[in-house]
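Undergrad: If you read the sequences in order, they're chains A and B.
So in the working numbering the end of the first sequence lands on 247, straight run, no missing numbers.
So in the working numbering the end of the second sequence lands on 247, straight run, no missing numbers.
Don't take each hint at face value.
Unchecked claim - Which stretches of chain B does chain A cover? Using the computed rule of at least three CB atoms under 8 Å from a CB of chain A, they are:
#, stretch
1, 106-112
2, 139-145
3, 152-160
4, 180-194
What the hints assert, rightly or not - Restricting the straight-line Cα-Cα distance to at most 25 Å, the calculated cross-link-like pairs of lysine to any residue (SDA-like) are:
#, chain 1, residue 1, chain 2, residue 2
5, B, K64, A, G101
6, A, K3, A, S68
7, B, K64, A, N87
8, A, K64, B, Q244
9, B, K3, B, Q244
10, A, K3, A, D90
11, A, K64, B, V60
12, A, K3, A, S65
13, B, K64, A, V60
14, A, K64, B, G101
15, B, K64, A, T57
16, A, K64, B, P122
17, B, K64, A, A29
18, B, K64, A, D58
19, A, K64, B, D25
20, B, K3, B, R241
21, A, K64, B, D58
22, A, K64, B, D90
23, B, K64, B, P122
24, A, K3, A, G219
25, B, K64, B, A26
26, B, K64, A, G219
27, A, K64, A, G101
28, B, K64, A, E61
29, A, K64, B, T57
30, A, K3, A, R94
31, B, K64, A, A26
32, B, K3, B, A144
33, A, K64, B, G23
34, A, K3, A, V99
35, A, K64, A, Y97
36, A, K64, B, A29
Stated by the list, open to error - These stretches of chain B come out as covered by chain A in the derived footprint (C-beta under 8 Å, 3 or more residues):
#, stretch
37, 23-35
38, 92-101
To be clear, the hints were calculated from the coordinates, so they are not data collected in a lab.
The beta carbon of each residue, even a glycine, is placed where N, CA and C say it ideally should be.
Listed below are the residues making up each chain.
Protein chains: 2
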Amino acid sequence: MQKLLDRVQAIDSLLCVGLDPVGDDAAVAQRLREVIAQTAPYAAAFKPNLAFFLSRTDGVELLKSTISAVPDDIPVILDGKFGDIANTADHYARFAYDVLGADGVTVNPYLGDDAIRPFARPGKLVFSLAKTSNQPAHGLQDAALAHGGTVADCAAAIARRLDEEIADSTIGLVVGATDPAALARLRAACPRQWFLVPGIGAQGGDLAAVLAAGRRTDGRGLLINASRSIWEAADAGAAARVFQAQR
Amino acid sequence: MQKLLDRVQAIDSLLCVGLDPVGDDAAVAQRLREVIAQTAPYAAAFKPNLAFFLSRTDGVELLKSTISAVPDDIPVILDGKFGDIANTADHYARFAYDVLGADGVTVNPYLGDDAIRPFARPGKLVFSLAKTSNQPAHGLQDAALAHGGTVADCAAAIARRLDEEIADSTIGLVVGATDPAALARLRAACPRQWFLVPGIGAQGGDLAAVLAAGRRTDGRGLLINASRSIWEAADAGAAARVFQAQR
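One chain only, chain A, in its complex shape (with noise of 0.2 Å):
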C-alpha cells in the first residue's frame, strides 16, 4: 500500500494503465514493452488482464514478463477478479503474489468475506467488485434490498468491513466509470477506501464526472483505469501524459 501511496505522491497520476494485450504473440510482446516504458513516468499504477494473457500460447510466462518490465516503484493489480472458497483463493493469492509478483488483484466478493481474505496479505492492495463498468440486462448488482440499499452496496459494505478489519492490508473498491450516481453513492457509504474506476474511454465513462463524484476529500483515493485508449494510441505515452493533465 505505501508503495501506491509513495507513487500516487511521487507523480500526482491516478492513472491506472490498462494491460488488456490484443494482436498477435511476437507484436504483442513488443508492444506491452513499449506501452510500459512510455506510459511509465504517468502512471500510478499498471493493471494487466489475466484473460488477455490466458487466451495466448505461453500467457503465464508473458504475464510474468510484463509484470518484471514494470519499474519497481509502481504497483502492478493483477486484474483476475478471483472468487473462490477460502482454500482456492489462498492458490489464486500464490498464483498473483508468488507466482507472478504483483502488488494486488481484483476480486470478486459474490463467496463473501472468506474468498476476500486470502488475497488481504501485508502490504498487498486488494479491489473488490461493487459496481461494474458493464450495463447487463438483469439487474443484479442494482437489486434493491429489503433492509435497503443495493447488492452493489452490501458488497461494497463487506470490503469496507474488512479494509477496517484487517491490519497493514487493503481492500478497495471496483467501481465503474458509467455510473457516475453510483460512484458518488458508494463514495458516501466508503469515504476512506481507495477506488479503482474502469470503464474511461471506450466504455464510454467521463472522467470529469468520476473525478467530481469518486475523489476522497483529500482528493486522492482514485485510480482511474485507461486500458484500449492508451494501448490503440500511435503514442501511448502521449494518452497517457493527456490523461494525467486531466485530473
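Keeping the supplied structure of chain A fixed, place chain B upon it in accordance with the hints.
TA: Just chain B now, with coordinates in the frame of chain A:
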C-alpha cells in the same frame, strides 16, 4: 451437452471428480494420471480447479495434459469461476475451450448476462454460481431482495433465463451441498436445469440430503462433486465407486 447426457446414461453416475491437486510438482503429475485412470469408470465428469494449477510451475501445461488424459467420452468442466465483462469473458472462453480443450466452465454471475454469454457456445456446459458451499459471514447470497427472494435466487433466475434463451447450450447452476434447504428451493425454481453440487465430503455436505433435495423429477440433473475425499484416498477408484453406488 450431449456428451454429458450420453455419459450419465452410459454409466448411470452423478459423480463429478474434482481435481484440486496438492503436493510437489513431480508427485502431482503422477497422482493426476492415477486418479483419472482409476476413477474414469465411475465419473460422469471431471472438474479441474484452475487455481490449483496456476499456483504451480508450468501449471497451464499440467492442466492441458491433465485434460488430455481424460477419456474423450467424459466431459471436463474447468472450474475457473470466471466473471468479467464480455470482451474479457471472451478471452477466458478461448482459454478454456480453445487452449485447454475443456467441455465446460464455472462462471460467476456478479457481472450479469454479458459475463456469461461468451461461454455459451454450442455443446458447452456452463455452470453459474447460485449458492456456494462455503458459509461466509456476510450473507450476500442470502440477502433478501425487496421484490422477494434472495440474491442467490436472482442469480439462479438469470442463469435459467439464459438457459432457455440460448439454443444449443446449457447454462446450469452451482449449488452447494451444505444447504439442502436452499438446494430444494432452487430446484423448485429451476426444475429443468443441471446443478453442479460441491461441498460433499471434506466440506460436510450430506449425500442423501443432496439427492433428495436436488434431483429433477427424472432422477437426473445433478452432478455431485467430490475432490479431496477422492484425491486423498489410498484407492481413488474405490472411493469413486462407493460414491457412485450411493446414488
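Undergrad: The structure should be examined with respect to each hint, and the outcome stated for every one.
TA: Evaluated hints:
For the stretch 106-112 of chain B, the stated coverage by chain A is satisfied: 5 residues place a CB nearer than 8 Å to a CB of that chain, which reaches the threshold of 3. Requiring three or more residues with a Cβ within less than 8 Å of a Cβ of chain A, the coverage given for the stretch 139-145 of chain B holds, as 6 such residues are present. Counting residues of the stretch 152-160 of chain B whose CB lies closer than 8 Å to any CB of chain A gives 3, so the stated coverage by that chain holds, three being the minimum. With a threshold of 8 Å between beta carbons, the proposed coverage of the stretch 180-194 of chain B by chain A is violated, since 0 of its residues qualify and at least three are required.
Our distance criterion of 25 Å between C-alpha atoms is met by K64/B and G101/A, whose separation comes to about 24 Å. Between K3/A and S68/A the alpha-carbon distance is near 16 Å, which keeps this suggested pair within the 25 Å criterion. Between the alpha carbons of K64/B and N87/A the distance comes to roughly 22 Å, so the proposed pair stays at or under 25 Å and holds. Of the supplied pair hints, the one linking K64/A and Q244/B is violated, its CA atoms being roughly 42 Å apart against a limit of 25 Å.
Under the criterion of a C-alpha separation no larger than 25 Å, the hint pairing K3/B with Q244/B is consistent with the structure, at around 19 Å. Distance check on the hinted pair: K3/A and D90/A sit about 23 Å apart at the alpha-carbon level, within 25 Å; holds. Only pairs whose Cα atoms come within 25 Å are accepted, and K64/A paired with V60/B is accepted, the gap being roughly 13 Å. The suggested pairing of K3/A with S65/A holds, with an alpha-carbon distance near 20 Å, which does not exceed 25 Å.
A threshold of 25 Å between alpha carbons decides the hint, and for K64/B with V60/A the separation of about 13 Å falls inside it, so the pair holds. As the CA atoms of K64/A and G101/B are separated by approximately 24 Å, the hinted pair is consistent with the 25 Å bound. Of the supplied pair hints, the one linking K64/B and T57/A holds, its CA atoms being roughly 12 Å apart against a limit of 25 Å. Our distance criterion of 25 Å between C-alpha atoms is broken by K64/A and P122/B, whose separation comes to about 33 Å.
With a CA separation close to 23 Å, the supplied pair K64/B and A29/A stays within the 25 Å bound. The suggested pairing of K64/B with D58/A holds, with an alpha-carbon distance near 12 Å, which does not exceed 25 Å. For a cut-off of 25 Å, the pair hint linking K64/A to D25/B stands: about 19 Å separates their Cα positions. With a C-alpha separation of about 21 Å, the suggested pairing of K3/B with R241/B holds against the 25 Å cut-off.
A distance of roughly 12 Å separates the Cα atoms of K64/A and D58/B; the hinted pair therefore holds under the 25 Å criterion. Among the hinted pairs, K64/A with D90/B is consistent with the structure: their alpha-carbon atoms are about 22 Å apart, no more than 25 Å. Proposed proximity of K64/B and P122/B is supported: the alpha carbons are some 21 Å apart, at most 25 Å. The suggested pairing of K3/A with G219/A holds, with an alpha-carbon distance near 18 Å, which does not exceed 25 Å.
As the CA atoms of K64/B and A26/B are separated by approximately 16 Å, the hinted pair is consistent with the 25 Å bound. Using a Cα cut-off of 25 Å, the hinted pair K64/B and G219/A is violated, with the two alpha carbons roughly 47 Å apart. Distance check on the hinted pair: K64/A and G101/A sit about 8 Å apart at the alpha-carbon level, within 25 Å; holds. Annotation: proposed proximity of K64/B to E61/A holds, straight-line Cα distance about 15 Å (limit 25 Å).
Using a Cα cut-off of 25 Å, the hinted pair K64/A and T57/B holds, with the two alpha carbons roughly 12 Å apart. The straight-line distance between the Cα atoms of K3/A and R94/A is roughly 20 Å, inside the 25 Å bound, and the hint therefore holds. Of the pairs offered as hints, the one joining K64/B and A26/A holds, with about 23 Å between alpha carbons and a cut-off of 25 Å not exceeded. Restraint check for K3/B and A144/B: not satisfied, since their Cα atoms lie roughly 37 Å apart, outside the 25 Å limit.
Between the alpha carbons of K64/A and G23/B the distance comes to roughly 23 Å, so the proposed pair stays at or under 25 Å and holds. Taking the CA atoms of K3/A and V99/A, the gap is near 20 Å; set against the 25 Å cutoff, the hint holds. Distance hint between K64/A and Y97/A is fulfilled; the C-alpha atoms sit about 11 Å from each other, no more than 25 Å. Annotation: proposed proximity of K64/A to A29/B holds, straight-line Cα distance about 23 Å (limit 25 Å).
For the stretch 23-35 of chain B, the proposed coverage by chain A is not satisfied: 0 residues have a C-beta within less than 8 Å of a C-beta in that chain, short of the threshold of three. By the rule of at least three residues with a Cβ nearer than 8 Å to a Cβ of chain A, the coverage given for the stretch 92-101 of chain B holds, with 5 such residues.
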